[in-house]
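Peer 1: Chains R and L: place on chain X using the hints.
Protein chains in written order, with the working numbering: chain X, 203 to 341; chain R, 203 to 341; chain L, 203 to 341.
Worth flagging that the hints you see were computed from the coordinates, not collected in a lab. Among the hints, erroneous ones may be present.
Just so you know, same-sequence chains aren't split out, so a pair can sit in one copy or run between any two.
Simulated crosslink set (EDC-like; lysine to aspartate or glutamate; CA at most 20 angstroms straight-line) [said to hold, decoys possible]:
no. : residue 1 : residue 2
1   : K266      : D221
2   : K266      : D224
3   : K266      : E341
4   : K266      : D276
5   : K266      : E212
6   : K266      : E283
7   : K266      : E210
All values reported here derive from a predicted model rather than from experimental measurement.
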Amino acid sequence: MIGTERLEVETRGHTHVLDINDRVAHAIRTIGLRNGIVCISVVGSTASITTTESEPGLLTHDLKAFFDRVAPDDARYLHEETWHDDNGHSHVRASALGPSVSLPLIDGRLALGTWQQIVLIDFDTRPRTREIIVQVVGE
Amino acid sequence: MIGTERLEVETRGHTHVLDINDRVAHAIRTIGLRNGIVCISVVGSTASITTTESEPGLLTHDLKAFFDRVAPDDARYLHEETWHDDNGHSHVRASALGPSVSLPLIDGRLALGTWQQIVLIDFDTRPRTREIIVQVVGE
Amino acid sequence: MIGTERLEVETRGHTHVLDINDRVAHAIRTIGLRNGIVCISVVGSTASITTTESEPGLLTHDLKAFFDRVAPDDARYLHEETWHDDNGHSHVRASALGPSVSLPLIDGRLALGTWQQIVLIDFDTRPRTREIIVQVVGE
Chain X
203 MIGTERLEVE TRGHTHVLDI NDRVAHAIRT IGLRNGIVCI SVVGSTASIT
253 TTESEPGLLT HDLKAFFDRV APDDARYLHE ETWHDDNGHS HVRASALGPS
303 VSLPLIDGRL ALGTWQQIVL IDFDTRPRTR EIIVQVVGE
Chain R
203 MIGTERLEVE TRGHTHVLDI NDRVAHAIRT IGLRNGIVCI SVVGSTASIT
253 TTESEPGLLT HDLKAFFDRV APDDARYLHE ETWHDDNGHS HVRASALGPS
303 VSLPLIDGRL ALGTWQQIVL IDFDTRPRTR EIIVQVVGE
Chain L
203 MIGTERLEVE TRGHTHVLDI NDRVAHAIRT IGLRNGIVCI SVVGSTASIT
253 TTESEPGLLT HDLKAFFDRV APDDARYLHE ETWHDDNGHS HVRASALGPS
303 VSLPLIDGRL ALGTWQQIVL IDFDTRPRTR EIIVQVVGE
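Okay, chain X solo, but in the shape it has when bound (with noise of 0.2 angstroms):
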């Protein structure tokens, strides 16, 4: 069996972390099933999918600052030489981090620790409507 939700999630960009577990988790209720494994995807190259620990100091600073030393927006990229555009330390972020997390579901829930939530991560320069899948494959 096979259950498809979508979700809509407005994000401020410029690394922008947002929990999205509760949201996730209804998706999940509403698709129905309880067993098999699950795929949380983003929609566009300039976002990504992970897991962190839902709380402040992480989600408003520690991620981006990883992502500010890794992949600094005032590096030389191409795609804005190209493009005209100011986006390209959003590429390399989201390429480098990924766009779905999978994970299994067990007796209805996401394999997932206490303290360990799906996350949004928009790396774009603008805030954006982004689209998320949940893809459940099971029973």
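Peer 2: Just chains R and L now, with coordinates in the frame of chain X:
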């Protein structure tokens, strides 16, 4: 068909990289499904699953040196200031690498190369007992 | 239902980024399933799969510049000292990015954006023939 196996793994923390390939392969044989997708995940927000060549240089030095470079333990982490702990870098490393890896299952075997093994990396700052979930959807 | 297709891709190595999106889409059409989860993986421990916008700046410069920054080829790698080779950075880059990406399959199409394509990145230090596996679980 769905199959689930849980593994407990003892780690030393501090970016300890452990080859769990044989235990994952055993779990897949126990589940008994032969073809599909396998999702291998670790519960918690300070550890990750990936693949590498299981040889001492990579496992004991090279991967840790990479994470020490990109997310140093002595950088500033608001997570540590808020919670008075010391594992901000552990969270950032785990979020950057991700909590799971998914791979094709073909004729009872994961689609891995000869020199490619499943590894758990525990980024926390103390020894931990980790729960790994091997979830198979297939036939 | 399960479907498997194998692709062979010739690379130049040295963090060569190849757009394999059309070949993956063709594999999915060959399999014929319309909804589910697709896992796209590369066999071996010195290559990875991710998504990016397929345009020359990102493919030929920006992604490689990122990996050159975070895992330089002239850093110290015990893997190289042990095995007398030169691809320690290739292994570290591949482990950091991961061997596969999973995405929702909806009405026969991967849930990708207009400017988002599946890419293979070969981090090894010589040309390689890579095996990509496209695995679909669905209906």
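Peer 1: Evaluate each hint against the coordinates.
Peer 2: Hint check:
{"no.": "1", "hint": "K266 to D221", "result": "within (14 angstroms within a copy, 28 angstroms between copies)"}
{"no.": "2", "hint": "K266 to D224", "result": "neither (22 angstroms within a copy, 33 angstroms between copies)"}
{"no.": "3", "hint": "K266 to E341", "result": "neither (38 angstroms within a copy, 39 angstroms between copies)"}
{"no.": "4", "hint": "K266 to D276", "result": "both (15 angstroms within a copy, 16 angstroms between copies)"}
{"no.": "5", "hint": "K266 to E212", "result": "within (18 angstroms within a copy, 31 angstroms between copies)"}
{"no.": "6", "hint": "K266 to E283", "result": "between (24 angstroms within a copy, 16 angstroms between copies)"}
{"no.": "7", "hint": "K266 to E210", "result": "neither (22 angstroms within a copy, 32 angstroms between copies)"}
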